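Each chain is listed here by its residues.
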Amino acid sequence: MAAFGSFCLLIALALAAYNLLAGALALRLIATGQATRISPERLADTARRAGIAGFVAVSGAAFALIWSVFTNDFSITYILEHSNRALPIPYKFAALWSGQEGSLLLWAWLLGTYGFVLRLRHKTDVKLYAYAGTILAGIQVFFLAVLVWAAPPFALLKGAIPDDGNGLNPLLQYPEMVIHPPMLYLGYVGFSVPFAFALGALMMRYPGEKWIKITRTWTMVTWLFLTCGIFLGMHWAYAVLGWGGYWGWDPVENASFMPWLTGTAFLHSVMMQERKGMMKSWNVWLIFATFLLTLLGTLLTRAGLVSSVHAFAQSSIGTWFVVFMCIVLAVCIFTYVLQRSHLQTEHQLESLVSRESSFLFNNLMLLTACFVILWGTLFPVLSEYVEGSKVTVGAPFYNAVAVPIGLFLLFLTGVGPLLPWRSTSLKAIKRNFVLPTIALWAAVIVCFVAGANPWTGGAFDQGHFYAIVAFALSAAVFTAIVAECLRGAAVIMRQTGRNLFAALWLLTRRNTRRYGGYLVHIGVVIVVVGLAGAAFNKNVESEMGLHSRISVGPYTLEQVGASQDSNLNYDSDYALLDVYKGGKKVFQLAPEKRVYLVSSQPQTMVAIHSTPEWDLYVVYEGQNPDTGQPIIKAFLNPLVGWIWFGLAVIVAGTFIALVPSLTPATAALRIPATRTTPIEPALKGGA
Amino acid sequence: MATPLRFAFWMRAVEASVLAVAICFSLGATDASARFNNLGHRLMCTCGCAQLLGECNHVGCPESGRERNELTAAIASGLSDQQILDGFAAKYGATVLAAPPTKGFDLVAWIAPFAVFAAALLGTILLIRRWGGLGGKNKATIAGEASVLDPAEQARMERIRRETGSDGGF
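Chains A and B are the protein sequences, given in the same order.
Taking this note's numbering, the leading residue of the first sequence gets 378, the next gets one more, and so forth.
Taking this note's numbering, the leading residue of the second sequence gets 122, the next gets one more, and so forth.
Any given hint could turn out to be false.
Negatives, chain B to chain A, calculated, CB over 12 Å [as the list claims (entries may be wrong)]:
{"hint": "1", "residue": "A155"}
{"hint": "2", "residue": "Q172"}
{"hint": "3", "residue": "L173"}
{"hint": "4", "residue": "E184"}
{"hint": "5", "residue": "R187"}
{"hint": "6", "residue": "N190"}
{"hint": "7", "residue": "E191"}
{"hint": "8", "residue": "L192"}
{"hint": "9", "residue": "T193"}
{"hint": "10", "residue": "A197"}
{"hint": "11", "residue": "S198"}
{"hint": "12", "residue": "S201"}
{"hint": "13", "residue": "Q203"}
{"hint": "14", "residue": "K212"}
{"hint": "15", "residue": "A233"}
{"hint": "16", "residue": "A239"}
As a list, the in silico EDC-like pairs of lysine to aspartate or glutamate whose alpha-carbon atoms are at most 20 Å apart [said to hold, decoys possible]:
{"hint": "17", "chain 1": "A", "residue 1": "K767", "chain 2": "B", "residue 2": "D227"}
{"hint": "18", "chain 1": "B", "residue 1": "K212", "chain 2": "A", "residue 2": "E764"}
{"hint": "19", "chain 1": "A", "residue 1": "K915", "chain 2": "A", "residue 2": "D1003"}
{"hint": "20", "chain 1": "B", "residue 1": "K224", "chain 2": "A", "residue 2": "E761"}
{"hint": "21", "chain 1": "A", "residue 1": "K915", "chain 2": "B", "residue 2": "D207"}
{"hint": "22", "chain 1": "A", "residue 1": "K962", "chain 2": "B", "residue 2": "E176"}
Honestly, the hints are just simulated from the structure, not real lab data.
The model shown is predicted, which means the values in this text are computed figures rather than measured ones.
Just so you know, even glycine gets a beta-carbon here, dropped at the ideal spot from N, CA and C.
All chains, full assembly: derive it from the sequences and hints.
This is the structure we're talking about:
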């Protein structure tokens, strides 16, 4: 199977190279109108078909690796190092992305899959898709070349073949690890597609904004995958690492967050291009930057450039990535300089207080956030280069610099949709902002009444201060969005006689992007509320003998047993804890500590009881070597559940935004015939 | 007369708010447990776990217990926060500090984000003002590009946009 997998990779590389060269030649011939023996259109079609065949070949290689994991083929070094016989079946799949070579193969396979879908849909716009397909082939050539020469997944073991493998990293033996990396990779790799469309459209001087519409759909899907991937990673960190948090500003976490920020900026600013023909250069560079950041993220993860807890997949392929990023950047700059006259802006901003300028400021803040994170991630390297010694750039730096930016972004989330396009009047501002302002101050008062105070223990608590600001802004933004939706629905109710829900439904159907977007913003607000809850975390740590008790918040935990268990994969120690609230037993938790047999590595399995109000999060830290008693650390983490619920709302909003809006003609059919008042302005939200 | 008075009132309100926030931020921690908590989140555990000292939670950590004891002793001895942080940095190296120090080259770490933000903000405002100052709504250009779309080209772009079915989004 190793030979088959290697052969598939070689074939895929040859096909991708043909796709790149033949596609580029055909497009060049079409552009110059040069006569040749073979029709350039036919040549371009052979290139497209080579891309499709390349997908089959990469799929063959991915299949070969999975097959080798399932058949315990330890003659392959990668399988030996990342699997073992007792590994449960779902984690056998996870072995594909648990190491350097496998995750690069996953990248190539996903890129092949995206390319396959793209090439099948080429009739949407044959020429644009030919450009995009050729650019994707160029990216694929790079990844396949790395797989063939720098990180071969089918490299054979030298010497005697052991009877069992080294096993999967225990940190990865958790259900989310079966879906978190593929989601993240779907996001990372997916940004190759909008990048290919943007670069292709620029190269061919594509007339109009249709490419933007095509790209936007791909970008939204990709953005959704990346969002889900990031949140799943947060949940994994929360449930597995056992430190009570979900975001540690680790360089690899940062690496996934940076393209998310630029991708989000693109999704917003692209609306300026669609509606106003503005910010064309900006948008092109946003998508270029997003793609380059996905490569940088992979470089950070793989090359060991910065120290990270994600050290399980480091190697020396950094040079390959640096060279490729330089080539990509050079191509982008060259194409932009050559074709920049095609990117003329057609309109201008007319007011500092308008929807357009709010998009500009939104982009400004998103990119500033991206810069801050990039700067913080790379500063230790820079500092070491300049001063000869490393420094740590950790949570205090990001909390001081990035949190205020995030809060300002939240403010813009509420303000932007309230501002009309072009310009606004003071009267309109007053009308739209009264309710949100009332909500903001009401939230501040509620926070103080509920005991949230930035002056605790005689000292100013920055965390509490930011949390109160976040709650207040969240209340204001939520009110602003809901009020905006209700205003639109009220117009429809007046004009069609429908009830509120039917009117909201019709309103959403007529402009899914707008109202889907609003739902995404509500999801973001919910997430921010959840994040702000971290300022009020409490924890207690204690050695617990039988029937001893500890209290955290309203809960009291009593140790009623400590036991051991084992299976083929791991041994585990766990404690049984009865949890009381108000003197009454409400549930039982069993935090666990495992030791994986093959690797002898320990791993905590946190016990979590979630409610909308808070999580009771209990960690079995181990046994006191002197007394043999379990040591338990219990956290009370307020509002964490809101983060995961917010993600669900974001996903729902994105799905709505992806659904095509009803056309005015279709919508008119759904309105009772007796009503003849034009409702279009209301349905478009007065935009 | 009403406008200048109102302006003065709002300026006073802004000044008062800024002063209040500045006072808040300048207040130091006063009790020992609050200082321990605060400093524990400004120092790293040196065992290599990449966690803040105040959050390092693994049993048997060879470093965090000792570091915590040192921190408790330093607070009890009456040293200021900065003296404690300097002492830890001298003993364990700069990587024990969870954020770069605000001196020497490391000060750049703190300045750069704000400098970039200020420059970008200024640039954005200037860009908007420049666009606004050019007049008519179809006369815009972007920085570095002197050309202007003529009416025929404008009409063609509008037609393409209509035909390609852009629904406008927000």
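Status of each hint after checking the structure:
{"no.": "1", "hint": "A155", "in the structure": "4 Å, violated"}
{"no.": "2", "hint": "Q172", "in the structure": "6 Å, violated"}
{"no.": "3", "hint": "L173", "in the structure": "6 Å, violated"}
{"no.": "4", "hint": "E184", "in the structure": "14 Å, holds"}
{"no.": "5", "hint": "R187", "in the structure": "17 Å, holds"}
{"no.": "6", "hint": "N190", "in the structure": "16 Å, holds"}
{"no.": "7", "hint": "E191", "in the structure": "18 Å, holds"}
{"no.": "8", "hint": "L192", "in the structure": "15 Å, holds"}
{"no.": "9", "hint": "T193", "in the structure": "16 Å, holds"}
{"no.": "10", "hint": "A197", "in the structure": "17 Å, holds"}
{"no.": "11", "hint": "S198", "in the structure": "19 Å, holds"}
{"no.": "12", "hint": "S201", "in the structure": "14 Å, holds"}
{"no.": "13", "hint": "Q203", "in the structure": "14 Å, holds"}
{"no.": "14", "hint": "K212", "in the structure": "14 Å, holds"}
{"no.": "15", "hint": "A233", "in the structure": "6 Å, violated"}
{"no.": "16", "hint": "A239", "in the structure": "10 Å, violated"}
{"no.": "17", "hint": "A:K767 <-> B:D227", "in the structure": "10 Å, holds"}
{"no.": "18", "hint": "B:K212 <-> A:E764", "in the structure": "18 Å, holds"}
{"no.": "19", "hint": "A:K915 <-> A:D1003", "in the structure": "27 Å, violated"}
{"no.": "20", "hint": "B:K224 <-> A:E761", "in the structure": "15 Å, holds"}
{"no.": "21", "hint": "A:K915 <-> B:D207", "in the structure": "29 Å, violated"}
{"no.": "22", "hint": "A:K962 <-> B:E176", "in the structure": "29 Å, violated"}
Comparing the model with each earlier hint shows violations of hints 1, 2, 3, 15, 16, 19, 21, 22; every other hint is respected.
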